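With the sequences and hints as input, model every part of the structure.
Those protein sequences? They're chains R and Y, same order as listed. Per this note's numbering, the first sequence starts with residue 1, numbered consecutively. Per this note's numbering, the second sequence starts with residue 1, numbered consecutively.
To be clear, the hints were calculated from the coordinates, so they are not data collected in a lab. Quick caveat: nothing in here was measured; it's all calculated off a predicted structure. Where hints are given, some of them may not hold.
As the list claims (entries may be wrong) - Quick list of in silico lysine-lysine cross-link-like pairs, DSSO-like style, CA-CA up to 30 Å: (1) R:K225 <-> Y:K347; (2) Y:K49 <-> R:K62; (3) Y:K344 <-> R:K225; (4) Y:K302 <-> Y:K260.
Stated by the list, open to error - Partial pick of chain R residues on the chain Y-facing surface, computed with a CB cut under 10 Å: (5) M48; (6) P51; (7) A69; (8) H133; (9) A252.
For each residue, glycine too, the CB sits at the ideal point set by N, CA and C.
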Amino acid sequence: MRAPAISIRGRAFGDRVLLALVILLSIVMIAPVLWVIGLSLKENAELMANPNSVFQAPYTLKNYINTIATSSVFVWVFNSIIVSGGLTLGTLILSSLAGYGFARLNFPGRNVLFVIVLFGLAVPEQAVLVARHQIFSMLNFHNSYHGLILPGLSASFGVFLMTQYFKAIPKELDEAALLDNASRFRIFWKVLLPLTVPAQATLGIFTFLGAWNDYLWPLISATKKDMYTLTVGMASTQTNFAQSEGIGFLMAQAVFAGAPILIVYLFFQKYIVTAVSGAAVR
Amino acid sequence: MKIKRVLLAAVSAGVMALANPAFAATELTLQRFFGACDADFGSNTDVAKAVGECGIITSLINKFNADNPDVHVNVTTVEWPGYDQLTAQFASGDAPDIVTIHESALSDYQSKGLLMPLDDLLKSVGVTPDAFTDAARNGATKDGKIYGLPIDSWTMLYHINMDLFKQAGLVNADGTPILPKSPEELLSQAEQFKQKTGKPYFVQNLANETALYTRNLYTYLFQQDSDFFADPKHVKLNTPEAKKVVEMYKAIFDKGYTTKNLDYGGAINAFLAGEGGVQLNGTWVVGDNNAQSETKGTALNKGGYAVYPYPQLFAGAHAQYADGHTWAVSQKDRTPEQTAAIGKFLKFFADNDFDWSRTGHLPAYKAIISSDAFKALPHRNTIAAVADLGRPLPSAVQRQFAIQDIIGEEMSAAITGQKDVDAALADMESRVNELLANL
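Printed below as a string of structure tokens:
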């Protein structure tokens, strides 16, 4: 009887250590967010005199009122939502179709084409940036939503992921549907696609977050302020080298900027955790 | 009959309004750095009430728009320095009309024919280069022509916490700070400061930084008469002079005479909180530091704030690295109205350069630098010397921002001990020359 008791105590101790570590890491992760919120509630003059004043009253909502009244942050958030949403939707559609094609259809040059697609994984964005910029200039695509969305649609990773996922689905399902006289598209749409929802969620979440945080391409493609995405817009407001104005205002903008992604997380928490843990296991 | 007349008058007025171009303001696109501060100054046109770079430049442009209803300047703010964006805009044929460019970066665009020479336009509005200070005129002149309207000269300075200097016994009888006259004196004064105050002599932003390192190196190379850019396409940095400078800053780092892990914002806050004696920062913080020194309860209010050019540590030229901001104009087809509107804008900034000099930057105009109003601004008596001391890199040197990054990275590696000093100097020289060879 003793041995199990020791084991339970040992496990309880281990659990406690684990819990302490989780709490510690949570504090490390949440501290910058709380710091941003704290700064956003302070007058700039106070912050200049003493950054630690963030821990002392008085607090003010002035920075939030000013953000609502004067900041372009809502335009940038809107642009980011359009770009990230459009890119995610487009990537899911194209990657699913391509993945299905590579996994299920036999056509000449399929393997060569798949290798070419995979080769895209090895080419960094910076290597094609200048050429892409020139092409988009010729097409007059800069400072437009499609100019920001199109480059991300060539998603090699998405095609690869969906191909592997479709391959893992038993072919017997297709054959049964074929016997029922279903068309290829109907098999894809009604039978196979619903089974790929976990993969779609993984791909969708990573694509959305990648697009939301992208900086380099929007920096050189969206050069008009009404087309700035969130990352470029926020950066444009913060290079005040004297730092005499706007630390609290900047942080209030950051709170507004972070809100949409937090909402996305709250709604898709289950899928995000599954996607991240799934990726880790793989 | 009366109604008929009224209708006729209304229709005539409408037709005239549509036909007369004077009713439609000429649109100009302007792109600048210096941050955004719309909450405080977004609609302010009273420039005298504005403070700081962002506040003053925003208010000046607001005032220009208010004073000139026939012109509308549409402003886009970019992250400093904005050259990636600007280069992309030129590549796609979509550059702004007017743009902030450092004098040190003008060559990058001028050499490719992307900027409009401004001599004739400035002359047409009554602004002549002989009104500029020597530093400003030299900085804005490329191949004998003016390629940017200079609005200031700026440099790095010694921002001093006088309370801590008093504690350290580094104050003259007349109340001025005792500054070093050689590298050895610098190290001994830094040691004295550390012993007496328990704090580092320097507050430096050494984390995530390249510019500070590079500007420090340039200044002390000038002071040793090192002509490291004798050939604008080939730098010589693996030299005894450069080694002396890097070793001096390495000793400062190794002996704990400087803050070590602060980024730019952290260094500003550390200095304002009294955590060190001398902050190495630019002209742009003079106004804000002075305001802090006049605010009760602040660290700078205790014993005062002083600001000086870098001390002369070597026996060579009395010089320190300087640069300047300009308004440059992109080369493109324009209507005479648009060109005239640009001229009007440049003239406005030339006429209002005093307000810009309240930031702490030195004016680009002789008349302003010698004016009583400028001299009456706080601390200008000690920093005005920069107008004579300030020296840029030779104007033919291209890619100065990229060079700054390379030198800063290598200096950082040497000073923090990640790399041997000789290896860092050899690498910075070869990397810069590789960059310049591929222009």
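Here is what the structure says about each hint:
no.: 1; hint: R:K225 <-> Y:K347; result: 26 Å, holds
no.: 2; hint: Y:K49 <-> R:K62; result: 20 Å, holds
no.: 3; hint: Y:K344 <-> R:K225; result: 24 Å, holds
no.: 4; hint: Y:K302 <-> Y:K260; result: 25 Å, holds
no.: 5; hint: M48; result: 6 Å, holds
no.: 6; hint: P51; result: 5 Å, holds
no.: 7; hint: A69; result: 7 Å, holds
no.: 8; hint: H133; result: 6 Å, holds
no.: 9; hint: A252; result: 9 Å, holds
Violated hints: none; the structure is consistent with every hint.
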